[in-house]
Amino acid sequence: MTTLLTLEQVTKMIQNESDKNTTILDHIDLTIRKGEFVTVLGGNGAGKSTLFNSISGTIELTSGKLYIKDKEVTRLPEEKRARHIARVFQDPKMGTAPRMTVAENLLLAMKRGEKRYLLPRKLKAQRDSFQNLCASVGNGLEKHLDTPTGHLSGGQRQSLSLLMAALTNPELLLLDEHTAALDPKTAKRLMELTQEVIEDNHLTCLMITHRMEDALKYGNRLIVLENGRIKLDLNAREKAQMTLEDLFVLFEEEKAQLI
Amino acid sequence: MVISAIAQGLLWAVLGIGIFTTYRILNFPDLTVEGSFPLGAAVAVTAIVNGLPPVLAMVLAVLAGMSAGLVTGLLYTKGKVPVILAGILVMTALHSVMLYVMQRPNLSLLNHPRIFNGLAFLPNYFDAVVVGLVVVSLVIGLLLFFFYTSLGQAYIATGDNEAMARSFGIQTDRMKIIGLVFSNGIIALAGSLIAQNNGYADVNGGTGVIVIGLASLIIGEVAFKDVTLGERLISIVIGSILYQLLLLGVIRLGFDTTYIRLFSASILAVCLMIPQIRQVLKLDTLIRKEG
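Chains A and B, in that order, are what the protein sequence lines are. In terms of my numbering, the first sequence has 197 at position 72, counting the first letter as 1, and numbering is strictly consecutive. In terms of my numbering, the second sequence has 212 at position 209, counting the first letter as 1, and numbering is strictly consecutive.
Mixed in with the good hints there might be a few duds.
[What the hints assert, rightly or not] Chain B stretches covered by chain A per the calculated footprint, using a threshold of three residues with CB under 8 angstroms from any CB of chain A:
id : segment
1  : 154 to 160
2  : 254 to 265
[Unchecked claim] So, partial list: chain A residues that the calculated Cβ filter (under 8 angstroms) puts toward chain B:
id : residue
3  : Ala207
4  : Gly220
5  : Arg224
6  : Met225
7  : Ala228
8  : Ala234
9  : Lys236
10 : Val374
11 : Glu377
The hints are simulated quantities; they were obtained by calculation from the structure and are not laboratory data. Beta carbons are placed, not taken as given, at the ideal position from N, Cα and C, and that holds for glycine.
Can you build the whole structure from these sequences, using the hints too?
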């Protein structure tokens, strides 16, 4: 399998009020290969979100290097990396433009990473395909093509965010606890949709989750972060042998250490 | 007098539309307005006095306004100066620019041609109504075209949800600069129109104009809810006319025009509070019950 993303000694430190440096990511080395679906677990403050922000370019690294395929992207701004990397956020409000309609949002997503010219947007030409795409979700999104996304339910907005993120078959999909703000039933349905979208489009994906059962059920690799380091990195075979109890024990240990 | 107020409303509406493109779409207040508006007036009047035809003078005014917007945009996006401060800085600096352009604090258009002259055959004030209608339609038409291009959609998305826009590869800094450039170009156009209507330009002509522009915007929003983008732009024009009619009414009632700004500010303050007042008095639920 070809290498898609490489992190070399990635470190992020921030200064707190007393001018002490806090290390959030501590010299992380990580290689993601094409086609991997990695679930990422870790307690609060383990550095999961910072890891994603570093990969997507939302924050600058203190040190270390980042490569997409063979190209170094450490200094590449977020909007340029967006050509390769798509992201779904935890907060349903963050993934869509609230005053723009569902169709307009999808059209924005279709032009991921492209230059946006002073030419008519040509929404009509895409309507049918957007209609079909939304209908495939099965939560009534197709009836709201012309509704501003701010009026949609959280579940509808998150599934739209997911469709938008996956629309152009990005090389890497980052899911940042994208089901965490939803009720259990809606979250379950969104996870099933996620699985479908990733399989159908053969996407490479990193998914942060708080639900250990999801971390075990989905994906073909599991990473556990602790204090800014990778504590555990399981391949598909090892992951298949892992049980929920094992994971609980692992996290209990972590808690015990903290106390 | 009513025709005069309508004419004023149409001309000032251009300012409201200019403010809308940043204040409502990008969601930040741009104080460059109070500099780019009189700058447009100063440039246009100086150009006309120096023998340029009014249309060309207005084009120069727009370019001047766009440059002012560009400076604010660069300070804000590249220099990371807070946007309000960037606007104040440019507004302050423009005072000197205007003095340089006009070589004096104010300049009269007495005995010089104006954009309204070609329509002198029309009855009083109707020339301004026609010019106002043409300019407002042109500006709205161009803006609507822009909003519905790929670039325009990226621009709207930037104001709507910046984090999301960036995650889809939209260069949000560039969008903000484009917005400030367009907005201040439109505002300078408004300044050049008002100056020709008043017959002079003054370096202090910008004081309080942001209140007039916002008033038309907010009155339009309070009067018309849940409308499309095109209707929203038209509602600003209607808001601007309503505002001028309100001013006219107050002057008719014998209000001392010396203190007119207090009244302008009060109208805006009341309009801004209307959503809150409605909520406190539960007017919406009352109306619904009656309905």
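Comparing the hints with the structure gives:
Here's how the segment 154 to 160 of chain B fares: 6 of its residues keep a CB closer than 8 angstroms to some CB of chain A, so the rule of at least three is met and the hint holds. Chain A is given as covering the segment 254 to 265 of chain B, and this is violated because 0 residues of the stretch bring a CB closer than 8 angstroms to a CB of that chain, at least three being needed. Interface hint status for Ala207 of chain A: upheld, as the beta-carbon distance to the closest one in chain B is roughly 4 angstroms, under 8 angstroms. Proximity of Gly220 of chain A to chain B holds as hinted, the smallest CB-CB distance being about 6 angstroms (cut-off 8 angstroms).
Against a cut-off of 8 angstroms between C-beta atoms, the interface hint on Arg224 of chain A holds, since the closest Cβ of chain B lies about 5 angstroms away. Taken as an interface hint, Met225 of chain A checks out: its beta carbon lies about 6 angstroms from the nearest beta carbon of chain B, inside 8 angstroms. For the restraint placing Ala228 of chain A at the interface with chain B, the shortest Cβ-Cβ distance is roughly 11 angstroms, beyond the 8 angstroms limit, so the hint is violated. The beta carbon of Ala234 of chain A is positioned within 8 angstroms of a beta carbon in chain B (closest approach about 6 angstroms), and the interface hint is therefore held.
The criterion of a C-beta within 8 angstroms of any C-beta in chain B is met by Lys236 of chain A, whose closest approach is roughly 6 angstroms, and the hint holds. The restraint placing Val374 of chain A at the interface with chain B is violated, with a minimum CB-CB distance near 37 angstroms, outside the 8 angstroms limit. Because the beta carbon of Glu377 of chain A sits about 35 angstroms from the nearest beta carbon in chain B, more than 8 angstroms, this interface hint is broken.
Consistency with the previously given hints fails for numbers 2, 7, 10 and 11, ordered from lowest to highest.
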